[in-house]
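> Given the sequences, and given the hints that come with them, work out the whole structure.
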Amino acid sequence: MNVLEARRRLLDGEIKKRTAEGEDISVRSVARMRPGLTLYGKSEQKTTTGAQLLDTNNMIDGYYDTNGNVINNELSVSIPKVSVREFNSITVSGLTNNIIWLIVEQGNDGTVIKKTIELSNQYLLFSEDTSEIGISFYKADDSKVTSDMLTTVMVNFGTTPLTWEPYTGGAPSPSPDYPQEIKSVGDSGEIAVNVYGGNLITDTTDKTISGKTGDAANTVRGTWRFVLDKNILNDEVAFSFDSDSNVDDIFIAQINATVSGIINWSDNEKKTIIKGRNSFIIPKLFDELPEGNVTYCAIQMRIEKNPTHDLQFTVSNPMMNIGSTALSYEPYRTPQTIPVQTPNGLPGIPVDSGGNYTDESGQQWMCDEVDFKRGVYVHRIHRDDLKTCVWSDTWDEVFYIEGTFIVFTLKFNDTNSGKYCKCSHFTYLNNDILSNPDTGMQTGQDNKFNIAFRVPTTLASNIEEWEYFIQQNDIDFMYVLNTPVETPLSPSELAAYAALRTYSPTTIVSNDSGAWMKLGYKTKKSLEVTD
Numbered sequence: 001m002n003v004l005e006a007r008r009r010l011l012d013g014e015i016k017k018r019t020a021e022g023e024d025i026s027v028r029s030v031a032r033m034r035p036g037l038t039l040y041g042k043s044e045q046k047t048t049t050g051a052q053l054l055d056t057n058n059m060i061d062g063y064y065d066t067n068g069n070v071i072n073n074e075l076s077v078s079i080p081k082v083s084v085r086e087f088n089s090i091t092v093s094g095l096t097n098n099i100i101w102l103i104v105e106q107g108n109d110g111t112v113i114k115k116t117i118e119l120s121n122q123y124l125l126f127s128e129d130t131s132e133i134g135i136s137f138y139k140a141d142d143s144k145v146t147s148d149m150l151t152t153v154m155v156n157f158g159t160t161p162l163t164w165e166p167y168t169g170g171a172p173s174p175s176p177d178y179p180q181e182i183k184s185v186g187d188s189g190e191i192a193v194n195v196y197g198g199n200l201i202t203d204t205t206d207k208t209i210s211g212k213t214g215d216a217a218n219t220v221r222g223t224w225r226f227v228l229d230k231n232i233l234n235d236e237v238a239f240s241f242d243s244d245s246n247v248d249d250i251f252i253a254q255i256n257a258t259v260s261g262i263i264n265w266s267d268n269e270k271k272t273i274i275k276g277r278n279s280f281i282i283p284k285l286f287d288e289l290p291e292g293n294v295t296y297c298a299i300q301m302r303i304e305k306n307p308t309h310d311l312q313f314t315v316s317n318p319m320m321n322i323g324s325t326a327l328s329y330e331p332y333r334t335p336q337t338i339p340v341q342t343p344n345g346l347p348g349i350p351v352d353s354g355g356n357y358t359d360e361s362g363q364q365w366m367c368d369e370v371d372f373k374r375g376v377y378v379h380r381i382h383r384d385d386l387k388t389c390v391w392s393d394t395w396d397e398v399f400y401i402e403g404t405f406i407v408f409t410l411k412f413n414d415t416n417s418g419k420y421c422k423c424s425h426f427t428y429l430n431n432d433i434l435s436n437p438d439t440g441m442q443t444g445q446d447n448k449f450n451i452a453f454r455v456p457t458t459l460a461s462n463i464e465e466w467e468y469f470i471q472q473n474d475i476d477f478m479y480v481l482n483t484p485v486e487t488p489l490s491p492s493e494l495a496a497y498a499a500l501r502t503y504s505p506t507t508i509v510s511n512d513s514g515a516w517m518k519l520g521y522k523t524k525k526s527l528e529v530t531d
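Each residue of the sequence shown is one higher than the one before, counting from 1 in our numbering.
Hint data in this document are derived by calculation from the structure and do not stem from the laboratory. Be aware that one or more of the hints could be misleading.
[Stated by the list, open to error] Listed below are the simulated DMTMM-like cross-link pairs for lysine to aspartate or glutamate, each with C-alpha atoms no more than 20 Å apart in a straight line:
#, residue 1, residue 2
1, K387, E181
2, K387, E464
3, K46, D385
4, K115, E128
5, K411, D432
6, K373, E23
7, K518, D359
8, K387, E397
[Claimed, not checked] What follows is a list of derived Cβ distance ranges for each label pair:
#, residue 1, residue 2, range
9, A498, T163, 45 to 53 Å
10, S188, T47, 22 to 30 Å
11, D109, T404, 24 to 32 Å
12, E467, R374, 37 to 45 Å
13, T116, N462, 45 to 53 Å
14, I117, E74, 13 to 21 Å
15, D385, D352, 26 to 34 Å
16, E464, T111, 40 to 48 Å
17, T202, T47, 41 to 49 Å
18, D385, K81, 36 to 44 Å
19, N436, A498, 44 to 52 Å
20, K81, T160, 20 to 28 Å
21, S127, P166, 25 to 33 Å
Beta carbons: idealized from backbone N, C-alpha and C, even for Gly.
Shown next as structure tokens:
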């Protein structure tokens, strides 16, 4: 279809403009049209509530006796005693391998009030006068328990098991003592955007396999492998084909079946990660793909050796596609790739409102974006190291309570007042930093300052100590710019985009970094009916 014909059909309503969004996009499209394409940033960071009481890096060998003392024993491990504070119960969850626990409860004078043993995944109510507890982990058969066996165990106050999180000193993180890395899509320096047709199988010619052909030394005589040329991590895939066979039973996975099919998963170098052992029925949906660096998979069809007659099985129009529904056969299309340079990653911060895209969960993001149709990189997020960044002003102390906390502020010109930020060593405080009791940071509040950190005086009690802390730590932080900055894409990126075309009837767009995308494409009524 030439450009003039496409325009005529567009005006007549036969061809329609559509958009689709996602980390992987599959659409029914017309062929040879340049799509609109935008990539959006995203930065993620692990956070904790501080509820975890179990620090597997600080365990005591042995168990608590009835006097509250630890008896040295290489078969068990214990948590150092902790104050129960205002809580009246504790819950342990995630125990495996027949590990059980005991607890000693002590009063203010150190006297053991109660010892309870042989507890499993459950909660326990404290005695009325309990002020301190100690917990030991062991096995009833006296086999050894080590800290490594407790890495999935959650110990928290209360009667409800909480979601597992690492130990962070009883306080939320990120924090100065327990920083959390900020990871953005494209942190490797490049994002590869790939465009495929609907069929992922590279060899789509008809193939006949026979029980009398092949290597006579093998029990399996006829074998054919379909190789998929696409990163299928986190995707659902469906496999189907047309067949012409003199084999009575072509249902896979039946005992003594003459035709079988297995799937092998491999990495980027096509080294097998998981070799298929269980056969499957055709058509087949693979909706639980294996974990790991899975890049390729191969479908293997085979016919068992039969000494009496030649069993043959012909596979026609083999088709594997993204999604939970098998599509009608279409030929394999050579993939197209656009390498997008991201030397600083493609950052993005989750926001309550005002974001430039919304993901599948409804979360809005303010982020950098790559807009191929406009030919620009839109820079909305500034990311820097507190140690090496250049400031236009000096630090100031604006609030101080001796022996409690201090607030340090710094004025500079490019934060967006009231917007969000991320930091490797401090949590974002979403209310007044002067009245908030927690350690954390803010940017641009009420135009009084541009960036502020609330820290305990044990960390820094004056500007000199604060600047020393900064120099001793790699503090990664990012915030929203007041005014976005646009820069042209590179000539090579623009050239790759100019050559990009959609396929018919199916176009699949994916990337190797989990970046959100928006695709503008053209379709027609006859294709939309099959969606």
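> Next step is simple, just say for each hint if it's right about the structure.
Status of the hints after comparison with the structure:
1. K387 / E181: 16 Å, holds
2. K387 / E464: 14 Å, holds
3. K46 / D385: 19 Å, holds
4. K115 / E128: Holds, at about 14 Å.
5. K411 / D432: This hinted pair holds, its Cα atoms lying about 17 Å apart.
6. K373 / E23: The hint holds at about 18 Å.
7. K518 / D359: Given that 20 Å is the threshold and the Cα spacing comes to 11 Å, the pair holds.
8. K387 / E397: Cα-Cα ~18 Å, so holds.
9. A498 / T163: 45 to 53 Å: 47 Å, holds
10. S188 / T47: 22 to 30 Å: Holds, since S188 and T47 (Cβ atoms, about 23 Å apart) stay within the stated range.
11. D109 / T404: 24 to 32 Å: 30 Å, holds
12. E467 / R374: 37 to 45 Å: 42 Å, holds
13. T116 / N462: 45 to 53 Å: 49 Å, holds
14. I117 / E74: 13 to 21 Å: 19 Å Cβ-Cβ, so the 13 to 21 Å window holds.
15. D385 / D352: 26 to 34 Å: Holds - the Cβ-Cβ distance for D385 and D352, about 27 Å, lies within 26 to 34 Å.
16. E464 / T111: 40 to 48 Å: Taking Cβ atoms as reference, E464 and T111 lie about 47 Å apart, which means the hint holds.
17. T202 / T47: 41 to 49 Å: Given a distance of about 43 Å, which is inside 41 to 49 Å, the answer is holds.
18. D385 / K81: 36 to 44 Å: 39 Å, holds
19. N436 / A498: 44 to 52 Å: For A498 against N436, whose Cβ atoms are near 51 Å apart, the range 44 to 52 Å holds.
20. K81 / T160: 20 to 28 Å: 23 Å, holds
21. S127 / P166: 25 to 33 Å: Taking Cβ atoms as reference, S127 and P166 lie about 30 Å apart, which means the hint holds.
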